[in-house]
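Chemist: Each chain, written out:
Number of protein chains: 2
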Amino acid sequence: MAKGASISGFPEWLPSERVVEQHVIDTLRRVFELNGFIGIETRAVEQGSSLLKKGETSKEIYLLSRLQEVGHESDTPIEDRLGLHFDLTVPLSRYVVEHSGDLAFPFKRWQMQKVWRGERPQEGRFREFVQADIDVVGNGELPEHYEVELPLVMVSALEELRHYGLPKATVHANNRKLSEGFYRGLGLDDIEGVLREIDKLDKIGADEVAKLLVEQCGANQEQAQACLALASLTAHDGSELAEKFEALSKQYGVDNNPEAYELARQGLATLSMIVDEAAKIRPGSVIADLKIARGLDYYTGSVYETFLEGAASLGSICSGGRYDNLASQGNKRYPGVGLSIGLSRLVSYMLHSAGAHASRVSPAAVLVAVWDEEDRADSNAIANALRARGIAADVAPTAAKLGKQIKYADKLGIPYVWFPAQSVEGDDNSASDEVKNIITGDQNAADVKSWEPDTLYARQSVNFEA
Amino acid sequence: MAKGASISGFPEWLPSERVVEQHVIDTLRRVFELNGFIGIETRAVEQGSSLLKKGETSKEIYLLSRLQEVGHESDTPIEDRLGLHFDLTVPLSRYVVEHSGDLAFPFKRWQMQKVWRGERPQEGRFREFVQADIDVVGNGELPEHYEVELPLVMVSALEELRHYGLPKATVHANNRKLSEGFYRGLGLDDIEGVLREIDKLDKIGADEVAKLLVEQCGANQEQAQACLALASLTAHDGSELAEKFEALSKQYGVDNNPEAYELARQGLATLSMIVDEAAKIRPGSVIADLKIARGLDYYTGSVYETFLEGAASLGSICSGGRYDNLASQGNKRYPGVGLSIGLSRLVSYMLHSAGAHASRVSPAAVLVAVWDEEDRADSNAIANALRARGIAADVAPTAAKLGKQIKYADKLGIPYVWFPAQSVEGDDNSASDEVKNIITGDQNAADVKSWEPDTLYARQSVNFEA
Chain A
6 MAKGASISGF PEWLPSERVV EQHVIDTLRR VFELNGFIGI ETRAVEQGSS
56 LLKKGETSKE IYLLSRLQEV GHESDTPIED RLGLHFDLTV PLSRYVVEHS
106 GDLAFPFKRW QMQKVWRGER PQEGRFREFV QADIDVVGNG ELPEHYEVEL
156 PLVMVSALEE LRHYGLPKAT VHANNRKLSE GFYRGLGLDD IEGVLREIDK
206 LDKIGADEVA KLLVEQCGAN QEQAQACLAL ASLTAHDGSE LAEKFEALSK
256 QYGVDNNPEA YELARQGLAT LSMIVDEAAK IRPGSVIADL KIARGLDYYT
306 GSVYETFLEG AASLGSICSG GRYDNLASQG NKRYPGVGLS IGLSRLVSYM
356 LHSAGAHASR VSPAAVLVAV WDEEDRADSN AIANALRARG IAADVAPTAA
406 KLGKQIKYAD KLGIPYVWFP AQSVEGDDNS ASDEVKNIIT GDQNAADVKS
456 WEPDTLYARQ SVNFEA
Chain B
6 MAKGASISGF PEWLPSERVV EQHVIDTLRR VFELNGFIGI ETRAVEQGSS
56 LLKKGETSKE IYLLSRLQEV GHESDTPIED RLGLHFDLTV PLSRYVVEHS
106 GDLAFPFKRW QMQKVWRGER PQEGRFREFV QADIDVVGNG ELPEHYEVEL
156 PLVMVSALEE LRHYGLPKAT VHANNRKLSE GFYRGLGLDD IEGVLREIDK
206 LDKIGADEVA KLLVEQCGAN QEQAQACLAL ASLTAHDGSE LAEKFEALSK
256 QYGVDNNPEA YELARQGLAT LSMIVDEAAK IRPGSVIADL KIARGLDYYT
306 GSVYETFLEG AASLGSICSG GRYDNLASQG NKRYPGVGLS IGLSRLVSYM
356 LHSAGAHASR VSPAAVLVAV WDEEDRADSN AIANALRARG IAADVAPTAA
406 KLGKQIKYAD KLGIPYVWFP AQSVEGDDNS ASDEVKNIIT GDQNAADVKS
456 WEPDTLYARQ SVNFEA
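Chains as they are written, first to last, in our numbering: chain A, 6 to 471; chain B, 6 to 471.
Be a bit skeptical, because a hint or two may be false.
The list treats identical chains as interchangeable, and a pair is accepted whether it falls inside one copy or across any two copies.
Stated by the list, open to error - Each computed SDA-like pair below joins lysine to any residue, with the alpha-carbon atoms no more than 25 Å apart:
#1 K337 - D415
#2 K416 - H28
#3 K119 - E164
#4 K412 - V440
#5 K208 - I411
#6 K285 - D438
#7 K208 - G360
#8 K58 - K409
#9 K255 - R99
Hints are computed from structural coordinates only; laboratory data are not their basis.
Whole structure, please, built from the sequences with the hints as guidance.
Modeler: Shown next, in the form of structure tokens:
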């Protein structure tokens, strides 16, 4: 991150770091579009009433006021004020309802934008960051197969980022119906409460969670232990999952409550389908992990979190789930499935822990030298000829000593310096143009109409230390 | 623009419109990078003190407050609050000063981001829009040749947009030193005032401007007429410009004030250089137009506005200039030259007046049909094989009747529908896969390992009605 960034929580990349972020964005977009997702961008603001409605982040919004309103902001109720969006899901649900007549359903969209969270500055968390989301939204209904396809698209996108040093990513999936059915089967009613406490497992450990389940959610010791036992269940395929689940259900008598048991088995069937189908396409990419709870209360089925190998402390880098009731209008319901990457955190990890770095700061492959300010037009003509053939080129800022021009190229990481032919006084022939690769030291005659940079140096790229 | 967008001034594109915006952004980026500009992104917020310092838009900023601060926003002075940036120039100057040690100068950067202006909602102007900027910033000094190169980069970028229906763009250039020298030579002192009134010429006409020059800037009738005469001067090359300027200077006795006359001639020399050099590379792309004033007071040399042929009412779509004193730190000065495209307005014009439209909504070239939900895995495998070869593919949402699946492709503009081979009962051989182009009606056998879409249908593109 850029040194001395003066507003805490608002990260800003140096040019070389931005190259990495730009490559990540380009790569994700390419994968999303290969999979038929449609790119949209929503406005950065929503009505306060929309922002306050949903989920856990409602306490962390930024409200706007025009300069003229300063001093009497409170004349307007918060619901009627504008605020910056804190995620891309609330804007999506509003966009879908607003433009439903113009969209084809199911609507598969990708979206990468900044979001803002009005957190306390001292917490050291990002208050401005980029999210990269894919969602599919149905009109009325949405087939279950999307619950396995969407995490797989994210896995294939994250797989592409391994070229820049990202470790292997694994999606951990659970299902709200499974959890809710199991808890109800135990005799617990405060489902949201139990999920909220289970969500703290990684942070505070099983003992503390058990205590909270008893204190906050009305569980007895055995119920609390049952919840923890369910949360410790993981499985790599549907039959392992079913076997372990049925054993637990029997052990804690969940199957004595037919209605609850049936709900849990619905969730079990979906989750089994997900891990089995995913295993066919990308073995090991999606596992069942029944401690995944997700804080947001709008999920109604599958929930996902994604972890990187060897980066447990980073937590989930890509989360989401199925929400049947996020958007609605009158009788119409728009169920969806979606996942969201916290892109800024991911890029930060890639830069600082995975060793990702840009091959060069400048997009230019060539710096054309200038012998004399009077000859600048010649150098510009060479640069323009290269650009017309798709080769990014820069021209030396001044006709300084050659060493200084080469140093400028070096500082920007531009691999080639082009020396225009100099007419030799008293000689009808001028020398030929030459190109020097300042990394390898090779220097050769070159024709502006046909010269090509070596593949290795043709484009800005992102590499990493293995 | 999306119908029913419920917050006035915050435009939001429908998916098909967003395709056009995305193509414009991609095209501009490609041209900027071909010319060696480095992409950066700055945070969306700046300190109130920075936002209030500069230029004409300081009255139009949005300030932020966290939800917890509501009701006591005024405890914090505006200077210490955070606000959304209203352009990309103020953030650039802050970025350059903050990270000067990490940048190579001259620093050539491109930046495309949203900016926000807290205007009154009823004015029907954009309050959130995208700007596309290029600037070059020097450390201490900055060669004059950038004053011709930067507008030419913008011209070549806008030239590329003609493929999407944009009319020809012409940069109108002036020079602050020329204007200031001329006004001072006339005996006028309120240079900023005169520029501000001259800037209104297109809006209110010469008579009203003359009146204001007299009433507001202390001009007499002859001085006002001289200012208007200068503002009506245009020229296509340096010698025409010099001739007309010298004639005016003589006529109004500007050359009687040697100091002022010398300042004006400095500006004249730069402006002549710009139109002559530009004419060599792109004849007719840059003209001298001495009514160009630019409201912002930080310009110190060249100023530019850009107009589209046949779109006078749109006004300038790309403006900028040279600023010698925008950024400084202690003794250090960072002079710059830059231009900014109002991208959202440009895209709006392209969509609604130039007839630009997306060839299709979905990036997918192919929709793979699904005969039966049990066969979905086969259809997914086909789509994945196509994607692996770089062909964007979608899969039918449900195994509905074929007509319904084709209708879904049609609604998204996906040109090809892929029919997986169906094994015929009692027959060892299965029929071959087939692909139908639903636009032309052509249907042929196809092999997923080698099939390619026709070039015309391979990628989403932007076209226009001529």
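Chemist: When no copy is specified for K412 and V440, does a C-alpha distance of 25 Å or less occur within a copy, between copies, both, or neither?
Modeler: within (15 Å within a copy, 55 Å between copies)
Chemist: Within a copy, between copies, both or neither: which one fits K416 and H28 at a CA-CA cutoff of 25 Å?
Modeler: within (21 Å within a copy, 32 Å between copies)
Chemist: Between copies, within a copy, both or neither: which fits K119 and E164 at Cα up to 25 Å?
Modeler: Answer is within: at 23 Å inside a copy they meet the 25 Å cutoff, but 30 Å across does not.
Chemist: When no copy is specified for K285 and D438, does a C-alpha distance of 25 Å or less occur within a copy, between copies, both, or neither?
Modeler: between (56 Å within a copy, 22 Å between copies)
Chemist: When Cα atoms must be at most 25 Å apart, do K255 and R99 count as within-copy, between-copy, both, or neither?
Modeler: neither (43 Å within a copy, 65 Å between copies)
Chemist: First find the shortest C-alpha distance between K337 and D415 inside one copy, then the shortest across copies, and answer within, between, both or neither for a cut-off of 25 Å.
Modeler: between (60 Å within a copy, 24 Å between copies)
Chemist: Between the shortest in-copy and the shortest cross-copy C-alpha distance, which are at most 25 Å for K208 and I411: within, between, both, or neither?
Modeler: neither (53 Å within a copy, 50 Å between copies)
Chemist: Between copies, within a copy, both or neither: which fits K208 and G360 at Cα up to 25 Å?
Modeler: Cα proximity of K208 and G360: none, with 27 Å in one copy and 56 Å across.
Chemist: When no copy is named, should K58 and K409 be tagged within, between, both, or neither for a Cα gap of at most 25 Å?
Modeler: This pair counts as neither: shortest intra-copy Cα distance 59 Å, inter-copy 36 Å.
In this structure, the hints that do not hold are numbers 5, 7, 8, 9, in rising order.
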